[in-house]
Structures are given as structure tokens and as C-alpha cells.
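Please model the entire structure based on the sequences and the hints provided.
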Amino acid sequence: MTGPALVLVLAVAVLFAAGFNLLMERSLIRIVIGFMLLGHGANVLLLLAGGAAGSPPLLGGKTERSMADPLPQAMVLTAIVITFGVTAFLLALAFRSRILLGEDEVRDDVEDRRVHTGQRRQEPWAGGDAEADPLEENTDQESAEPGRTQQKTTGPGDTGHGDGAKGSGA
144 MTGPALVLVL
154 AVAVLFAAGF
164 NLLMERSLIR
174 IVIGFMLLGH
184 GANVLLLLAG
194 GAAGSPPLLG
204 GKTERSMADP
214 LPQAMVLTAI
224 VITFGVTAFL
234 LALAFRSRIL
244 LGEDEVRDDV
254 EDRRVHTGQR
264 RQEPWAGGDA
274 EADPLEENTD
284 QESAEPGRTQ
294 QKTTGPGDTG
304 HGDGAKGSGA
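If you read the sequence shown in my numbering, its first letter stands for residue 144, the second for the next number, and so on.
Calculated from the structure, these hints are not laboratory results. One or more of the hints may lead you astray.
Simulated restraints on C-beta separations [to be verified]:
1. ALA148 / ILE172: 27 to 35 Å
2. PHE238 / LEU166: 16 to 24 Å
3. LEU151 / VAL258: 36 to 44 Å
4. GLY194 / VAL249: 38 to 46 Å
5. ILE242 / LEU151: 35 to 43 Å
6. ILE172 / THR145: 35 to 43 Å
7. GLU246 / LEU149: 38 to 46 Å
8. ARG263 / LEU243: 28 to 36 Å
If you're wondering where the values come from, they're calculated on a predicted model, not measured in any experiment. Glycine included, each C-beta is placed from N, C-alpha and C at the ideal position.
See below:
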């Protein structure tokens, strides 16, 4: 590995380390900057993976080994555009959060804190039976209720509807 390539590998490592470190912060602006650093690190890594610089591939008369591969360069340009768009979106979200909440700190979520501490969630419908779900249908109970009959609902166009018989239009 040559000297410039080693410097680029170290630059990628520093960009990734700083980016991940900033992503773990609670300030939204630092999170956005961390995302930008990760994007820059990925771009440098793609350029580094493209190999050594060579002659332009469009000029004729060159051997294939001396030409540069244009694919990593095209991928880096695409990654730059995608990173720019996502960064603009994240900045807009951070700005909106700052306006609405008055701060740019990420707040603690109660559910995340419960998961972290290993506590079970207290369900409002659980009156002692934590496994009971109010949305489960019990067909035995419904059929056992005396005097309960099913009513047929009618809609427009049905014969039982007060708007008239089927097919009577204006």
C-alpha cells in the first residue's frame, strides 16, 4: 500500500469514527453533522476502492490497464447527491424540532427507558391478567347472550332502504 492510499485509509477511519461518535450525541445538529461525516467517509472509501488514478477512459489508443475505472467515480457522485438530499431533509427536521420544542435535544422516550431497564409495560386493560387482550373476540360469549339478534344493515340501492327501490334514479 502506497503512502497516499494509507493516508486515505486513515482519513476514512477518522471520518467514520467521528461520524459515529457524533451520531450518539443528543443534539440534533451534532447528529446531522455526524451523518454528514459518515457520508464523506463513505465517499472517500468508494474513491479509494476505485484503485489508482489512470488515464481518461474516453481517449482512444490507451491500453485497458492504464485507464481509470469510471464506475466508482459515478457512484461517488450519486452518493454525494443522495447525502446532500438526506442532509437537507435532516436539517429541516432539526429546524422544525427546534421551533416546536424550543430545544435541539433528543428527548427520552418512556417506552425506550422501559425496554432499557427491562420493566414490563402496564397495559390499561390488564386487570391482573397481563396476557388478556380486549381485542380478542370470544364467539362463545357472544352466542350465549340471550335476546341478542343480528341486525342486517342496508345501504343505498338495497330494497330495504328508505330511499326507494333498486334502480330508481333521478
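For each hint, the structure was consulted:
For ALA148 and ILE172, the Cβ-Cβ distance of about 33 Å falls inside the hinted range of 27 to 35 Å, so the restraint holds. About 19 Å separates the C-beta atoms of PHE238 and LEU166, a value consistent with the hinted range of 16 to 24 Å. Between LEU151 and VAL258 the C-beta distance comes to about 40 Å, which sits within the given range of 36 to 44 Å. Our hint of 38 to 46 Å for GLY194 and VAL249 holds, since their Cβ atoms are close to 40 Å apart.
For the pair ILE242 and LEU151, the beta carbons lie near 40 Å from each other, so the given range of 35 to 43 Å is met. Take ILE172 and THR145: their Cβ atoms lie about 37 Å apart, and the range 35 to 43 Å holds. Checked against the given bound of 38 to 46 Å, the beta carbons of GLU246 and LEU149, roughly 42 Å apart, stay inside it. In this structure the hint that ARG263 and LEU243 lie 28 to 36 Å apart at CB holds, the actual value being about 32 Å.
In this structure, none of the earlier numbered hints is contradicted; all agree with it.
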